[in-house]
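Under full-length UniProt numbering, the first residue of the sequence shown carries the number 1, and numbering increases by one thereafter.
It cannot be assumed that every hint is accurate.
Here are the computed lysine to aspartate or glutamate pairs in the EDC-like style, where the Cα-Cα straight-line distance is at most 16 Å [claimed, not checked]:
#1 Lys-472 to Glu-435
#2 Lys-472 to Glu-434
#3 Lys-472 to Glu-442
Keep in mind the hints are simulated off the structure, nothing from the lab.
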Amino acid sequence: MEPFQSLPFLLLYGSVIAIAIASADSSHSLLRMRIAPAGAGGAADGLFCDSWRLSVETNNAGYWRTIPPKCLEIVVTYVNGDRYLSDSDIIAVDCLSFAETVRIVGDKKDVWVFDIDETLLSNVPYYSVHGFGSEAFNETSFDEWVALARASALPASLRLYDQLLGLGFQIVLLTGRSENQRNATEKNLLLAGYHSWERIILRQTSDFGKPAVSYKSERRATLEAEGFRIHGNSGDQWSDLLGEESIMEEGKIDSNEITDNNDHMDQDPSPSSVNEVKLPEIGMTFLSEEEVRTFYNSYAQNVGFSICKLGGRNGDDGKQKYFSIGCAKNGRKVSQAKNVLYPRPSTKMNCKAKINVAIRNDGSFVITSYDSALKKKIENEKHMDFVSFNSIMPVILGHPIERQFQNAYTNNLFKLFQDEIRGLMFCNASLLKEEGTTLVFEVVETMLGKNGEPVREVSFRVHYTELHCQLKCVCRLFEFRGILCRHVINVLIRMKVIEVPMNYIMDRWRKDIKRGYQSISNIYDDYGCDGERHRYNILTLLIQEVQQLGAKNDNSCSVLVEMLKDTKEKLIAIDFEHSRAEQLKEVSTSSAKAIHSPLKVRSRGRPPTKRKQSKVEQIMKKSIAKVRKKGVACSEACSETILAVLSKILLELL
1 MEPFQSLPFL LLYGSVIAIA IASADSSHSL LRMRIAPAGA GGAADGLFCD SWRLSVETNN
61 AGYWRTIPPK CLEIVVTYVN GDRYLSDSDI IAVDCLSFAE TVRIVGDKKD VWVFDIDETL
121 LSNVPYYSVH GFGSEAFNET SFDEWVALAR ASALPASLRL YDQLLGLGFQ IVLLTGRSEN
181 QRNATEKNLL LAGYHSWERI ILRQTSDFGK PAVSYKSERR ATLEAEGFRI HGNSGDQWSD
241 LLGEESIMEE GKIDSNEITD NNDHMDQDPS PSSVNEVKLP EIGMTFLSEE EVRTFYNSYA
301 QNVGFSICKL GGRNGDDGKQ KYFSIGCAKN GRKVSQAKNV LYPRPSTKMN CKAKINVAIR
361 NDGSFVITSY DSALKKKIEN EKHMDFVSFN SIMPVILGHP IERQFQNAYT NNLFKLFQDE
421 IRGLMFCNAS LLKEEGTTLV FEVVETMLGK NGEPVREVSF RVHYTELHCQ LKCVCRLFEF
481 RGILCRHVIN VLIRMKVIEV PMNYIMDRWR KDIKRGYQSI SNIYDDYGCD GERHRYNILT
541 LLIQEVQQLG AKNDNSCSVL VEMLKDTKEK LIAIDFEHSR AEQLKEVSTS SAKAIHSPLK
601 VRSRGRPPTK RKQSKVEQIM KKSIAKVRKK GVACSEACSE TILAVLSKIL LELL
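All chains should be built: construct the whole structure from the sequences, respecting the hints.
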């Protein structure tokens, strides 16, 4: 993908019309002019710059990023002189002459499209401190300039804008700026005097990586699909005018800058545009291998890895048919030297990120499959986190210190800590001396051989300060690996300490801590962004801005600290009230529940032993059974039997 080149000189109105239509209708390609090397200077430089200017204006200058050094003075003179303003006035007058011939229907569908940068707004103050195009374009610094909203209006463009509104045109602003710059863009336009536009169209995440010509052509086609009639299109460079929809009247403003940042999206993005990176997709088509590499390199830069070609396969005709591009750290980690003093460790980490590309018969390149960057690693981390949160390793001693680490550390790290717990049986601590408030213990550890036989005894000194519970062992296991050694644990148990200070529990291995980076939206994470993660991303940007403002001086810092403390207390109170309300809701809900008897279900197998019956029940059952056996009608006989039984019982009771 070629980077977009902006036009630094005037392109007359009539020439724009002819060339734009020829570019859309012709099938032949223009011969690109080569940038000549530096000449002898003087008159030769002037002739070269005139020729170079003409080639740029006719879109025939080929691939270029900065203006030739010998032409810098001419560009500076043109931009800061009266010629630039005069050329802008001529183009604005020609555009207005055409607009007055257009019949406005009155249904608010007659549209005139404007670009923003170097068309409505002038960024001369920015480029004046960046070499007027002699320096390579820096997207980060230009984004900072855009955020200031200080670009001034081009007088001719502002006048044309108001005149078109007066004629009844609807104004649509089509820019290469990204969506996250909408607020700054609208603020700058209003301050410059622009108003009453129909809409502002900015690049969305799905537009990232598209050439400016394709992006703007698609947006104009969308407008026409909505029923709008595009009568005019004003811009400062060829990408604003070219495309399948460029058959309307087009006025090109002379560009006072050399590179337009917002239509410069064809080149590799900077890290600042990480949120707009386009993900690889199966079926994506490219015109060349270089275009594939450029696209994947932009994706890799935003994710944070470098790329290389992993391999390929040729067909029977010797031409390349398949190839893969992936992470430069693909492959297993293998030691490259046996000398421990010069290990030369391998940089490989078995990263699976790659794309597989096939070459079709028509010469196009299509992505057939891909693996997301770090996807496997993220899945493994999430699985291990799930295991740590939902399972508990059993303790060995049951000491409070061991249970403290059991609740804090992940399972894998707790296993390493338990190795030190097991080693306590081989340690014996004794007080050696006192040095002020510090106690010096000697811990003798019995070292075992390969067969479990004692080999020798090694003495370790542990310094213990009871005031702040500070510990230090000469083995330096905690300093080197972040794990409390068995010698320190032995001293703690001897001193009847039941809780280790939190500074001896490493945050990076805790499972009960919520890390900030886990809430960042990862483009390689298939789990998507839930509501909490989305809110976190919104707050992060705001907090970074507040942090920069508060760090300017001591007064701002103290004010910000007090505000944050007050806000923190309020949030804690709100969270407490919310949790309290949830608890009360659960209690009220549970108390209102009706408790029912269990359903009567006949059990399988032999019924249980008969319950104990009263004497009345026994007599009644026997009498009823005799009546049924004789075959007497149940309705009459049963009633007579019941009366007889009851009278008999009463007599016995009396």
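Status of each hint after checking the structure:
1. Lys-472 to Glu-435: Holds, at roughly 14 Å.
2. Lys-472 to Glu-434: Holds, at roughly 15 Å.
3. Lys-472 to Glu-442: 12 Å, holds
Every hint, counting from the list given before, is met by this structure.
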